[in-house]
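Got chain G; can you put chain V on it based on the hints?
2 protein chains.
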Amino acid sequence: MYLCIAISFIDNSGKDLIIDGWFHERGVLWPGQAMSLKVKKVLDHYRTDFQDLLVFESENHGTVLVLDGVIQVTTRDEFSYQEMIAHIPLFAHPNPKRVLVIGGGDGGVLREVARHTGVEEIIECEIDEGVIIASKKYLPSLAIGYDDPRVSVKIMDGAKYMEENQSSFDVIITDSSDPIGPASVLFETPFYNAMYKSLREGGIVCTQGECMWLHLNLIRPLIDSISQTFSSVEYAYTTMPTYPSGQIGFIIATKGRNSCKVPEREMTDVVQKELQYYTPELHKAAFVLPAFAQRAIFGDKAK
Amino acid sequence: MYLCIAISFIDNSGKDLIIDGWFHERGVLWPGQAMSLKVKKVLDHYRTDFQDLLVFESENHGTVLVLDGVIQVTTRDEFSYQEMIAHIPLFAHPNPKRVLVIGGGDGGVLREVARHTGVEEIIECEIDEGVIIASKKYLPSLAIGYDDPRVSVKIMDGAKYMEENQSSFDVIITDSSDPIGPASVLFETPFYNAMYKSLREGGIVCTQGECMWLHLNLIRPLIDSISQTFSSVEYAYTTMPTYPSGQIGFIIATKGRNSCKVPEREMTDVVQKELQYYTPELHKAAFVLPAFAQRAIFGDKAK
Chain G
1 MYLCIAISFI DNSGKDLIID GWFHERGVLW PGQAMSLKVK KVLDHYRTDF QDLLVFESEN
61 HGTVLVLDGV IQVTTRDEFS YQEMIAHIPL FAHPNPKRVL VIGGGDGGVL REVARHTGVE
121 EIIECEIDEG VIIASKKYLP SLAIGYDDPR VSVKIMDGAK YMEENQSSFD VIITDSSDPI
181 GPASVLFETP FYNAMYKSLR EGGIVCTQGE CMWLHLNLIR PLIDSISQTF SSVEYAYTTM
241 PTYPSGQIGF IIATKGRNSC KVPEREMTDV VQKELQYYTP ELHKAAFVLP AFAQRAIFGD
301 KAK
Chain V
1 MYLCIAISFI DNSGKDLIID GWFHERGVLW PGQAMSLKVK KVLDHYRTDF QDLLVFESEN
61 HGTVLVLDGV IQVTTRDEFS YQEMIAHIPL FAHPNPKRVL VIGGGDGGVL REVARHTGVE
121 EIIECEIDEG VIIASKKYLP SLAIGYDDPR VSVKIMDGAK YMEENQSSFD VIITDSSDPI
181 GPASVLFETP FYNAMYKSLR EGGIVCTQGE CMWLHLNLIR PLIDSISQTF SSVEYAYTTM
241 PTYPSGQIGF IIATKGRNSC KVPEREMTDV VQKELQYYTP ELHKAAFVLP AFAQRAIFGD
301 KAK
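The listed protein sequences correspond, in order, to chains G and V.
Going by the working numbering, the first residue of the first sequence is number 1, and it counts up by one from there.
Going by the working numbering, the first residue of the second sequence is number 1, and it counts up by one from there.
For reference, chain G alone in the conformation it holds in the complex (with noise of 0.2 Å):
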């Protein structure tokens, strides 16, 4: 045994964030594991009207953006999440016009659905303003989303958004944070409903589906249910070691499609140098899910 003197940064929940020097994350998602960043300086701490804040400068990760205790971006792996959620719906549809995005208030998804020069509207519909705030001050790279003519931004409730605009949209992407907090309810049913009746005919939907390796008691159960509904629902992943277990997993469900496997168009050469993470082929291969997870989420259905 022996007596240690750390220094503390104690967020407003009482809870410990920083410890020593290092952001612990410890989530009752991810039981007995925790990923640790190092801090170089906290740039700022405060609670929105949602949820508890944390922006830091990490020593060797970036800025990183914190919310109620658990990493949503480190600026060194965050454009391995932002380009997969958003260039498989959207590469998978022939001709997308009309683009909403729920949640994703840093703006990271708004800057690679705006690669897209076919698009015309891009509709960003985000409950805590707070995020965005912090974003473009602390996450320019990020928040440079922001800047597209094409882009509009609601304050308010993604579910009631939908409901007043029905029809409206060929690919919906739900940027969230864990079912837990402010986005518990995007995890259920109800939501996926919403969002089917908010697509137009042929429409995608592309939401953050977890993790593989840990919440397959939440992705098939939500699968089984929303595929009463929705024409096709698939299930993607992609590499992001700042997330718990390093992986995190996207469900894909359309109206009026058989899949959405293979892109449908042809990506430009110069939107593919300006990619870090997806190409073509990685659209097909993100499909392709471990023995484990392939049989848990959907059974005997497919291989």
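In case anyone wonders, no lab produced these hints; they're calculated from the structure.
Small disclaimer: the values here were computed from a predicted structure and weren't measured.
Heads up, a few of these hints could be off.
Unchecked claim - Listed next, with one range per pair, are the computed distances between beta-carbon atoms:
no., chain 1, residue 1, chain 2, residue 2, range
1, G, S231, V, P149, 50 to 56 Å
2, V, L43, G, D20, 25 to 31 Å
3, G, D148, V, D148, 56 to 62 Å
4, G, L29, V, F50, 19 to 25 Å
5, V, R150, G, S231, 48 to 54 Å
6, V, E281, G, P149, 38 to 44 Å
7, V, V271, G, P190, 39 to 45 Å
As the list claims (entries may be wrong) - Lysine-lysine pairs mimicking DSSO-like chemistry, simulated, CA-CA at most 30 Å apart:
no., chain 1, residue 1, chain 2, residue 2
8, V, K284, G, K273
9, V, K284, V, K97
10, V, K38, G, K40
11, G, K41, G, K136
12, G, K284, V, K261
13, G, K38, V, K40
14, V, K273, G, K261
15, V, K284, G, K261
16, V, K284, G, K284
17, G, K261, V, K261
18, V, K41, G, K38
What the hints assert, rightly or not - Chain V is nowhere near these chain G residues, computed Cβ spacing over 12 Å in every case:
no., residue
19, P94
20, K137
21, Y146
22, V151
23, L218
24, I223
25, S231
Beta carbons: idealized from backbone N, C-alpha and C, even for Gly.
For chain V alone, kept in the frame of chain G given last:
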């Protein structure tokens, strides 16, 4: 500032491995980040002839083997690594008869190789018998690999063994720890040259190839260098939640073959049912790298 009283488990080198009930993996090869696992009970901890060896029962990840402070195995996710490092080269070979495993003292790779009924002889060359002894005691689900009658074990340096056994093997699998400490030579060109000489014509090498998110500066020059000798050199990866950044890669190189990206043999239903990770579809998908890794490793040579 506050005072905390922590129970600390000090290893022989004086480094704290377990603090306040959590094992923390901090390493010079992944600066500024750490994976932590909650410890239920320390099962053993001592120095072998070569390295510091810790085995503990974790709260949520089964039994965990740690060498020199780095997680080698958790019984919750080890199948991903073992299946992929073994079945990619074995299914890429049309008729593997003699297989050499270098390292892999825990026995998990042997367990996977032994599923191939056509394989006649499996030789394991492990320099540290202490790992084998610990695995047989604490990791029976991996050490079961030693029970196969086709397996024979050499406790010796792999390079020396290969020097004495030239043109002998259809597949060589190097299941090593990180290129620091006893395994550092396994990440150098002379070791790859020794593997090349020990392969039969048409043979395949598959080695632990570190992480594309962390070690491109190690991977690129090594692949460049060994491409002078081998007929083909490719890179694949698998997801591994308890390895740094959640993924681990494989360098797959051949003597007289063009590529290992497509399985050469069909898998029986019996084997597919036993496997938790590898599938023929995943074999192909594992070679599809994110844009940043593809560019960094292979430059403009391939997309």
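Hints, verified against the model:
| no. | hint | result |
| --- | --- | --- |
| 1 | S231(G) to P149(V): 50 to 56 Å | holds (53 Å) |
| 2 | L43(V) to D20(G): 25 to 31 Å | holds (27 Å) |
| 3 | D148(G) to D148(V): 56 to 62 Å | holds (60 Å) |
| 4 | L29(G) to F50(V): 19 to 25 Å | violated (38 Å) |
| 5 | R150(V) to S231(G): 48 to 54 Å | holds (50 Å) |
| 6 | E281(V) to P149(G): 38 to 44 Å | holds (42 Å) |
| 7 | V271(V) to P190(G): 39 to 45 Å | holds (42 Å) |
| 8 | K284(V) to K273(G) | holds (24 Å) |
| 9 | K284(V) to K97(V) | holds (23 Å) |
| 10 | K38(V) to K40(G) | holds (25 Å) |
| 11 | K41(G) to K136(G) | holds (18 Å) |
| 12 | K284(G) to K261(V) | holds (15 Å) |
| 13 | K38(G) to K40(V) | holds (25 Å) |
| 14 | K273(V) to K261(G) | holds (25 Å) |
| 15 | K284(V) to K261(G) | holds (15 Å) |
| 16 | K284(V) to K284(G) | holds (11 Å) |
| 17 | K261(G) to K261(V) | holds (20 Å) |
| 18 | K41(V) to K38(G) | holds (27 Å) |
| 19 | P94 | holds (23 Å) |
| 20 | K137 | holds (23 Å) |
| 21 | Y146 | holds (25 Å) |
| 22 | V151 | holds (25 Å) |
| 23 | L218 | holds (16 Å) |
| 24 | I223 | holds (19 Å) |
| 25 | S231 | holds (23 Å) |
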